[in-house]
Every structure is written in C-alpha cells, then in structure tokens.
Amino acid sequence: MAELTPKERMQIPRQEMPAQDPLERRYNFNEVALGFDFETARREAERCLQCKNPTCMDGCPVGVLIPQFIRHLREGDMAGAVVAMKERNSLPAICGRVCLQEVQCEATCVLAKRGAPVAIGRLERFVGDYELARRTCPLVRAAPTGMRVAVVGSGPAGLTCAVELGRRGHQVTIFESLHAAGGVLIYGIPEFRLPKWIVHAEIDYAMECLGIEIRTDHVVGRTITLDELLADYDAVFLGTGAGLPTLLNVPGVNLNGVMSANEFLTRVNLMKAYLFPEYDTPIKVGRKVAVIGAGNVAMDAARCALRLQHMRAEREGGEPGQVYIVYRRSRQEVPARAEEFHHAEEEGVIFEFLTNPVEILGDEQKRVRGLRCVRMQLGEPDASGRRRPVPIPGSEFDLDVDMVIIAVGTTPNPVVFLNTYGLERTKEGTVVADMTTLRTTKPRVWAGGDVATGAATVVSAMGAGKVAAADMHRFLCGEFSESEWWPAQVEAPTAGA
Amino acid sequence: MYTILKKRKLSDVTNEMVLDAPHVARRARSGQFVIVRIDERSERIPLTIADYDRSAGTITILFQEVGKSTMQLGTLQEGDHLLTCAGPLGNPTRVDHYGTVVCVGGGVGVAPIFPIARDLKEAGNTIISIIGARTRQLLIWEDRMRTVSDELIVCTDDGSYGRKALVTEPLKEVLEQRHVDRVWAVGPAIMMKFVALTTKPHNVPTVVSLNPIMVDGTGMCGCCRVLIGGQVRFVCVEGPQFDAHEVDWENLLMRMQYYKDEERLAVEHWKEHRCRLEQAEQEAEKERHRHG
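First to last, the protein sequences are chains A and B.
In terms of this note's numbering, the first sequence opens at residue 1 and continues consecutively.
In terms of this note's numbering, the second sequence opens at residue 1001 and continues consecutively.
If you are wondering where the hints come from, they were derived from the structure by calculation, not from laboratory data.
Any given hint could turn out to be false.
Pairwise CB distance ranges, derived in the manner of DEER restraints [what the hints assert, rightly or not]: (1) Asp1248(B) - Ala201(A): 55 to 63 Å; (2) Val1066(B) - Pro335(A): 56 to 64 Å; (3) Arg287(A) - Gly1057(B): 34 to 42 Å; (4) Asp1261(B) - Lys427(A): 39 to 47 Å; (5) His1179(B) - Gly454(A): 34 to 42 Å; (6) Leu1076(B) - Gly80(A): 46 to 54 Å; (7) Arg331(A) - Leu1083(B): 38 to 46 Å; (8) Glu278(A) - Asp1080(B): 18 to 26 Å; (9) Thr426(A) - Glu1281(B): 58 to 66 Å.
Computed from a predicted model, the values in this text were never measured in an experiment.
Cβ atoms here follow ideal geometry from the backbone N, Cα and C, with glycine treated the same way.
All chains, full assembly: derive it from the sequences and hints.
Structure below.
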C-alpha cells in the first residue's frame, strides 16, 4: 500500500469489531467480540498518524510502545509488531480484551479529539492472538542472578511482576491459593469476555519461557506465612488483589437467593457451573434477578445471569426472565467499561438508575421474594467528585425479584496477613505502600494492584507489578539495602502503628 | 497432584484416606480443613483434617458418601491422585487448660472431634467423650477416641451398639451430674444445634465446628456466611469453630438446603454415568473373551 497522507488516514473510518449477535449470544458463553481479521487490523492500523510525540502511551499504565507496534502491523511485519508489544506487555491477548482503553490509551490518542481514536485495544488483541497461535517470540531471560523472589497471587499484578523479574534473570516462584493461575482473570471475568484458554495459554507461555514456577493450592497466611517466605526468598511481592466481597448492610442479606457477585462469578467462571451437571458445581439463577451496582463486576454478573436464564428457557421451555441492574447514581456515572455497559444493554439487561436497595424481602422459606428500593436524586458532589445520591423521601417501592447479586465492591482478603507482623494496613484493609516504589512498611516486601489501591482495573494492577519489579530489581542488584528501606523523604512508620 | 497413600472403608459409605500433602501437613492443626478436587470437573470439596503426620507429610481425611462428589471420591483407590488439596484452612482450635471438657462427635463428625480431643487432652484437660451414629455400622474411630478420652460414652440412634440414645441424652446427664468447663461438638448441623440447646441452660461455653456450603474456601465468595450473634461471618476464614450459643441455627440449616435439587440431580447424573461405564466395561470384557 502506498504511503497515505495524514488527511487520507483520517478519512478511514474506525473499524468496527465484529461481534456475536446480541440476541443469539444470550444463549451461550462464547466470546462476544470476535476480533479483527488481518485486513481489518491493517486498515485500522493505517489510521494511526504516527505522532512525533505520541500521547497515547501516556494513557497506558504499562507504557506499551503503541506507535511502534502499530507501524509494524500496518507494514505487515507481524514479527516486529509482536516484539514491540512484548517489550512492555507480556499479556497482550488479555489486555486487549479487558483494558478500559476508552479512558486510557484511546482517550489520549490525538484522534480522540477529532472523532474516533485509533482502536488500540482491538489492535493489541489482534497482535496478542497472532502471537498466541504461533509462539514466535518467546520472552527472553537474562543470565541468572541467583536471587530468589516469591510472588503472592497470580492475578494481573503478580503475573506482571513475576514476568518482569523473570526477564531480568531472577528465579521467581508464584504462590496461588486457588487451583488455577490467573486470579480475577480466571474467577472473575466471564468466558464470553475473556476465554479461559487465552488466559491459560498466555500465562503458560510466559511462565515456560522464564522458568517461573506456580504453586497452586498455597494459601499464603495459612499454608505458608509471609514471614516464612521472607526466610526462604530474597524479596516478596504481594499481589493478592481485593478478593473479599462487600455485602450490603440491609436486612435480609442472609436469605437464600442472595449472593455476592464473587460467589456467582466464581461458580460460573472458575468452576464452570454453567455446564452443570457435566461439571459438579451447581448454580441457580432466578426468574427475576437484581444485580446491585454498575461496575464491571456488576455487568459481568448481570450478563452471566441473563445467559443462564436463556439457556434454561432453551432447555426447559418457558420465559427466560429478567435481569435488573440497580444503581444508586445515574447513567452518566456508570463506572463499567463502556463496551460492557453497551453489550449489557444490547443483550436486554434492564437498568434501574437512581435506585438504592433498602431491604431484601423473604418468603416463608426464607427465599428472596423481592427487593425494597428507594429512588434517589443527585445532590452535591462528594469526595469522589461525583454528585452524591440522596434518597427521595416516600419513594420506596418493591422490585419483584427472586435473586439478588451484590456487586458493590471488594476489599483485600485479610487471610494473607495472618501470622505476619510489621505490615501496616489502612482502615480500608489495603496495604500501605510507598507510591513510587511500592515498598511496604515491612522490609523486602512490596505490594501492588488492588491489595494496595483497593478494587481497580487489570491494567493498573499490571502497571503496579511493573513498578514494583523495577524497584525490586534495584534491591536485588544491591543498589540499596534493607537499612535504606525507607527513602529519606518518607518517614518510617513506628513499629506497631 | 496429591497421591492417596492409604484408603480404608469404615462402612459401606464411610471412607478414610491418607493423602500425601506435605504442604498442608507441615502447618495443620486440629479444627482446620482442606479443600480437595478430584478432576477438572470437580467442585471444591471442604473436608476436615481428621489427623496429620508432619514428619511423613501426610493428612487423613474422612468422608461419608452423601452426594455426587463424595461418591466419586469413594471410588478412588490407593495410588490414585487428587488434583487439588489446599490448606490448612480455617482457624485452629483454641487449645487451653479449661478443666473438664466434653467432646461430642456425631456420625463422621467423630473424625474432626478426634484431633480436638487429643489436643485438649495433651493440654491437661479431663476429656469426657460422647460419640454416636445412626447405627453400629456407621460408628467410627471408637478405638482412637478411647485413647484420648478419660471417659467414653458410645451411643447409636437405633440401639444396635452402645446406648440407644441421641448424643444429647448422655450429654444432658453429664451436665447435670458433673462440673463441666467446656463442650466441643462436631457433627450434623442439626445435632450441633441440639447440643447448643442442651448446654445453654447450664451456661457451659460450647464450641461447634460448622460445615456450610463453600465454594473457594478462602474468603472470596461468602457462600459459607452464617449469622453469629446477629453478625455476618464467613465460616471459611473466621471459623469454622464458633460459640454454639451465638449461632443462628435456622439460618444455617436453611442455607444448607439451597442446592438440594441440584445435589439430587448430580447424584442421578453420576449414577447414570457409572451405569453406562459399567456396561461398557462388561461389553469390553465380553469382547475380550470372544477374542481370547
């Protein structure tokens, strides 16, 4: 293809992602977004203006070399595209599917102001899938340093940290409490958004290349303590995420038919309960389901519930039922990834905005029979800068539902901290870590991702894994010692604080 | 992969297994549990650690075949492997010198009460144990319990062995006749509920080990939540042992019923599968005879 002028490039429309039909996909758990073919990917790549001072990279928590990989891609040099991608991101097939591109790289793309940004996420996925199918560019490990690192948790933060340290020649062992690696990528994000074979393949490939061992079934805090890890390893990274579900503080929360989104999604994703009884873990889905919250987890839970309802209707006849998302703020504040919100609406999830649950109603058998709600209005902005929702007096009403899924957030699981001393935590349960180095108050322990920030995104956790790995590498190379743990400008917290 | 080193059938439906699981054995203590999986399609099955041997790196589990998963587990033989064995999970027993402690075990609950009684005995307590089962055949570990008890009362519901009584009857008598400092009880939820009701009027602090439905067993899902003194608590990380008098038994019993229909369906599905498997094996056998 002849070199295009910037004007010509800007005339190419942003390429649409082929997707499964919304009405059909409600009957299966297959992937919704089908991915670009090579021609579409190249056409989309042609839209990139190859800015001299690219701003897209500013929006990427792991600093992917976006213009470089896109340039290789459009020149048809896939090997070059893969090398450029892997320079900064070892899990592109995963990131291309789950990153919130619209508020990250695509938001800072210069074309965003002139209509449609380059579909960076879709191109990333294309490159990731290409490499996963061919495995042409293994991650390369530097000469062994002889240093040993323990990484706790195999989610996005832990995996990234492990990969970065592995590349630098350190011997890494990952400790995972569940039976499969991936953390939230495995138990939280559904198959139709992120196929599990992609997660397994991408992790296995990276671990194999770098000689990283993953010890599943190891619940740090119980099976082995953090202090024991410190005795065996030179450095420890905590990437244990935010796995503890927050439940609603309303009457009826222990009724049958009320569950956390974590439980619902773990049953469906990790345990494959949608294939019950071929798989052993059962799942129930109501005729009318209310999901509380409107983040990504809520969207995932709602869309899983919708699929289970449709699959039941197909199997047993009858109407599939309804799935509601009950959210106390308005459409504008929905925190979920735009594509997921859009997909959920397309599939028929009903949104009850400016609505807050006040009580879960039970029948005589203590099963959910309804959700008492109150309508809200937006008042003054709160600490988050969003307008605070306040109840409208006298607006209570009962939503006719027989199942309630609570997706109002998660906090770090405290099990990892058992039998460990000197690791300071906030009131919210997150680990205190220095912002720039991710060092905790306990020497030789770093922490990043949701365990340090509270529930956030996959790619921000990956970014944290990367930041920590860089500082851990400096420590492992002897650039600073344990006695210099707290940098001069940061006051070390007093023991027992 | 975790090898089954020993397997013993204690009754038609009760199995004892010794697993090679050094990572669990090294920190295991009484009152804790493991999560096991058999194969890729298994659910995560919580089972109490009934015994452990740190130097050998083994743990003992004991289970009754009541649902699909335990039935399948029961088909495994020595030398077979489990895909998952995570633990030790939950908080260990708070062992102390209390004085006189009554340890009540019902059904397969005798297995988890055993290491608790042993620890309490070692801590200098006088142990009165009451163990029971529906019928003689289902009574387990009487010999083991005898070794850690100063006194052992055995009963069966149908009177086929020991005293014909529910465990709560001798418990009530002991409480009336003796000074008791603590009661520990492990067994079916309904039994533990009645133990709690029995000890309550005597104001004897009572500890029970709860066995609600779990998924991950590590505090992630909240499926196992119970109401303790009106507060929501996760059995997997905050338990499994709780003050029996604080437990909302109705809530626990009701939550344990939630997947009844699915459990029945899973058993039917499993039996059908086994049937087909056996038929296929028989046919293969016939085929071999024909050719042999």
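Against the structure, the hints:
1. Asp1248(B) - Ala201(A): 55 to 63 Å: 46 Å, violated
2. Val1066(B) - Pro335(A): 56 to 64 Å: 43 Å, violated
3. Arg287(A) - Gly1057(B): 34 to 42 Å: 50 Å, violated
4. Asp1261(B) - Lys427(A): 39 to 47 Å: Given about 42 Å between the Cβ atoms, the range holds.
5. His1179(B) - Gly454(A): 34 to 42 Å: About 51 Å separates the Cβ atoms of histidine 1179(B) and glycine 454(A), which means 34 to 42 Å is violated.
6. Leu1076(B) - Gly80(A): 46 to 54 Å: Roughly 51 Å apart at Cβ, these two residues keep to the hinted range, so it holds.
7. Arg331(A) - Leu1083(B): 38 to 46 Å: Since arginine 331(A) and leucine 1083(B) have Cβ atoms about 45 Å apart, the given range 38 to 46 Å holds.
8. Glu278(A) - Asp1080(B): 18 to 26 Å: 21 Å, holds
9. Thr426(A) - Glu1281(B): 58 to 66 Å: 60 Å, holds
In summary, the numbered hints that this structure violates are 1, 2, 3, 5.
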